[in-house]
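Visitor: Now for the letters of each chain:
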Amino acid sequence: MGLIYALNGLYFAAFLFLTSLGLSIILGVMGILNLAHGSLYAVGGFIAAFVIGLSAGSAAPLMILAAGGCAMLATAAVGFAMETTLLKPMYRRPLEYQLLMTFGILMLLEDGIKLIFGGESRYASAPFDAMGSVQIMGSTYPLYFLFVMLVAVAAGLFIWWLMVKTRLGIMLRAIEMDRDMAQAMGIPMRALTIVAFVLGASFAGLAGALVVPTTPAVLGMGMDVLIMAFIVVVIGGLGSLKGAFLGSLIVGLTRSFTVAYFAELEMPLLFLIAVIILIIKPEGLFGQK
Amino acid sequence: MGNKSDRRSFLKTAGAVAGGAAAASLLGAGGAAAAKKRGVPSGPIKVAAISFLSGPAAGPFGIPGDNSYKMMADIYNKQGGILGRKIKLISLDEAGGAKGQVELARKLILEDKVDVILGYISSGDCKAVLPLSDELGGLMLAYDCGTHVLMEGKKSPYKTPKYELGFRTAAHLGQDNIALALAIKKYMPNVKKIAGINQDYAWGRDSWHIFELAIKKLIPGVEVVKTLWPKIFTTDFTAHVSALQGSGAQIIHSSLWGGDAVTFMKQAKAAGLFKQAKMALSRGEPYPQEVGAAFPEGQFVCCAGAHYFLYPAWDKWPLNKWFVAEYKKRYNKYPTYPSYHAFQAITAYKVAVEKAASLVGGWPTIDEIAKAMGNLGFETPSGYLTINKDHNAREDCLVGITKMTKDYPFPILDPDRLEVFPSFQVNAPAGMRTEDWIKSWK
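So the sequence lines, in the order shown, correspond to chains A and B.
If you're matching positions, the first sequence starts at 2 in our numbering and goes up one per residue.
If you're matching positions, the second sequence starts at 69 in our numbering and goes up one per residue.
Misleading hints may appear alongside valid ones.
Derived SDA-like pairs: lysine to any residue, alpha-carbon spacing no greater than 25 Å straight-line [as the list claims (entries may be wrong)]:
1. B:Lys284 <-> A:Ala264
2. A:Lys282 <-> A:Gly221
3. B:Lys337 <-> A:Leu239
4. A:Lys115 <-> B:Leu160
5. B:Lys299 <-> A:Met224
6. B:Lys471 <-> A:Ala131
7. B:Lys138 <-> B:Lys154
8. B:Lys401 <-> A:Leu101
9. B:Lys337 <-> A:Gly105
10. B:Lys260 <-> A:Ala264
11. B:Lys167 <-> A:Phe148
12. B:Lys299 <-> A:Val135
13. B:Lys337 <-> A:Lys282
14. B:Lys507 <-> B:Lys343
15. B:Lys343 <-> A:Ala7
16. B:Lys167 <-> A:Ala7
Reference listing, derived: stretches of chain B covered by chain A, where coverage requires no fewer than 3 residues with Cβ under 8 Å from a Cβ of chain A [stated by the list, open to error]:
17. 116-127
18. 421-431
Selected chain A positions facing chain B (Cβ under 8 Å, derived; list incomplete) [as the list claims (entries may be wrong)]:
19. Tyr6
20. Pro143
21. Glu177
22. Asp181
23. Arg191
24. Leu193
25. Met268
To be clear, the hints were calculated from the coordinates, so they are not data collected in a lab.
Please read these numbers as outputs of a predicted model, since none were measured by experiment.
Glycine is no exception: its CB is placed at the ideal position from the N, C-alpha and C atoms.
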């Protein structure tokens, strides 16, 4: 069972990586701790569930592509609206204003979802069911989980390429490293801030879209994910892509093996790791001081 | 389904009380005539119905319960209401936590002056709010929450009733889990290894505790090989599924609910868990319909009482046939156990008012209604329901085994393997704690 425990850990890590990626980008480039990130994830989940419902009966890849695409577009649009109207006036204010504002947005989005989609759970497991399972060393394993791992790897590579190999990414990293210097160098701060937020929001939407084939979209679905994403960011380091990757792996694998061997410690152990990191390396494994 | 004679016969029966021959005459036309002596207020009866209308518990529990309240209020109003007074149903959302529900209950009783609160899916909400019934002088009927300790004292024997104005009108988790253990003893008497996966809060812990106590009494050699406590609203059960597979358990007990139950069942099926183990789902009745054909066959499912759209059989018990047809007509789904529980709550209030009115000769006070309700019996779509002197409902409990048929797009409970345990076999006597009762079994 060891291989299956490891695969389970990798799947959960992939899911966490996708959810914490956007949070990390926004935190790194903009310095904003976006408490509404979980709600953007929920928006993506509900949009995807709706689209999968409309495309039921289609081939699984088509359903996932349509759901993921629509969820990313919708959350990008919501993110754009959030940044340009509610967050923009907060940049020059102290951190607690930003926290209060993003918490307010979280509640607004939750109510918005309820208004549009109603209070009931939405089931959209068609792609998960359609993909079926494969045999791995005598154990049955759902193919969809392997697919999510591939998407997470692809998303990580895309963000790496964007941040390291493109002019846009270099400017974003410059902002991340020294905001004042970047501004003095003539980097278009306003436009890039919007780009970073929209990018982060769309990744939250993608994560929401990828999770609904495995679990129903429900109101409040973003809260737990937000907590787990924060654990990843705390462990990996604020605003670090490498940190998000390693943090996700640590959390995913630790959880999987803990459930198998010391089930009672599932959550306490994760929090304990985060606490230890906060004490001995407060900026996280790959974060900047 | 739903022919006119069935409907007429139900309306005739439900319009009166059906706790027995004497009660029928008390609460029929006689009750209405007696009520005229003291007088009946002219305004509508304010009935607050509180269920989760949003959030994860809305889909499987709150909305089916609320649907049933609306349906029955409409039907009773068309019959003339209760002693001629129309029911004004106030549907409210249970979301907001126990503190919010306590505040809401205070407002409903003190400011809005509701006649009765029918409420609560969450055990935490029930435990927080029900003590207010006596404190504020408001009648409260806990209609769906599962905690077995709600009406119990700290040690046996305890004084009954715990609350003068607080009642429970449906089964609790003690009943569910004892019935499951009894069914397992019948179908798998030689089971050696069991495991549990239950949410990490009072509901999950209590459900497992009662099940473990009961199954170890009934099958003494059974070994617990794994107990898992995922946090509520877990989206990824892969680690838990693998851990269960590695444990070699033959039976896996679970009280998972809502999205957690659906998510677990789907992920477990995809990973092949059901090839080696059977689930024993303590309140699993709604999920075959929620999951559809992907819900696995051969699993033990308890029905939170004897609530099932195909039981009691429609030819034997037309009231179930009528209820199912009426609900399906209005909401395009088969009723699930919360719908039946809501029927029981609103009907218990109606029957108790009519019974009390017949005795006092007019519209009864809250205390008079409570007194009538503390010794009540009536027909429901699931059979007979009694509310005992401990203000706790007693009903039979149904456990079935899922089976796919050509008649429905989801597995039903196999009609040839329905086990109905009488209320005395799954409920502790009044004044005795469920836990102590199980421990006393020889």
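Visitor: Now tell me if each hint is right for this structure.
Guide: Hints, verified against the model:
{"no.": "1", "hint": "B:Lys284 <-> A:Ala264", "verdict": "holds (22 Å)"}
{"no.": "2", "hint": "A:Lys282 <-> A:Gly221", "verdict": "violated (32 Å)"}
{"no.": "3", "hint": "B:Lys337 <-> A:Leu239", "verdict": "violated (38 Å)"}
{"no.": "4", "hint": "A:Lys115 <-> B:Leu160", "verdict": "holds (15 Å)"}
{"no.": "5", "hint": "B:Lys299 <-> A:Met224", "verdict": "holds (13 Å)"}
{"no.": "6", "hint": "B:Lys471 <-> A:Ala131", "verdict": "holds (22 Å)"}
{"no.": "7", "hint": "B:Lys138 <-> B:Lys154", "verdict": "holds (13 Å)"}
{"no.": "8", "hint": "B:Lys401 <-> A:Leu101", "verdict": "violated (42 Å)"}
{"no.": "9", "hint": "B:Lys337 <-> A:Gly105", "verdict": "violated (39 Å)"}
{"no.": "10", "hint": "B:Lys260 <-> A:Ala264", "verdict": "holds (21 Å)"}
{"no.": "11", "hint": "B:Lys167 <-> A:Phe148", "verdict": "violated (43 Å)"}
{"no.": "12", "hint": "B:Lys299 <-> A:Val135", "verdict": "violated (28 Å)"}
{"no.": "13", "hint": "B:Lys337 <-> A:Lys282", "verdict": "violated (42 Å)"}
{"no.": "14", "hint": "B:Lys507 <-> B:Lys343", "verdict": "violated (33 Å)"}
{"no.": "15", "hint": "B:Lys343 <-> A:Ala7", "verdict": "holds (22 Å)"}
{"no.": "16", "hint": "B:Lys167 <-> A:Ala7", "verdict": "violated (41 Å)"}
{"no.": "17", "hint": "116-127", "verdict": "holds (count 7)"}
{"no.": "18", "hint": "421-431", "verdict": "violated (count 0)"}
{"no.": "19", "hint": "Tyr6", "verdict": "holds (6 Å)"}
{"no.": "20", "hint": "Pro143", "verdict": "holds (4 Å)"}
{"no.": "21", "hint": "Glu177", "verdict": "violated (30 Å)"}
{"no.": "22", "hint": "Asp181", "verdict": "violated (41 Å)"}
{"no.": "23", "hint": "Arg191", "verdict": "violated (36 Å)"}
{"no.": "24", "hint": "Leu193", "verdict": "violated (33 Å)"}
{"no.": "25", "hint": "Met268", "verdict": "holds (6 Å)"}
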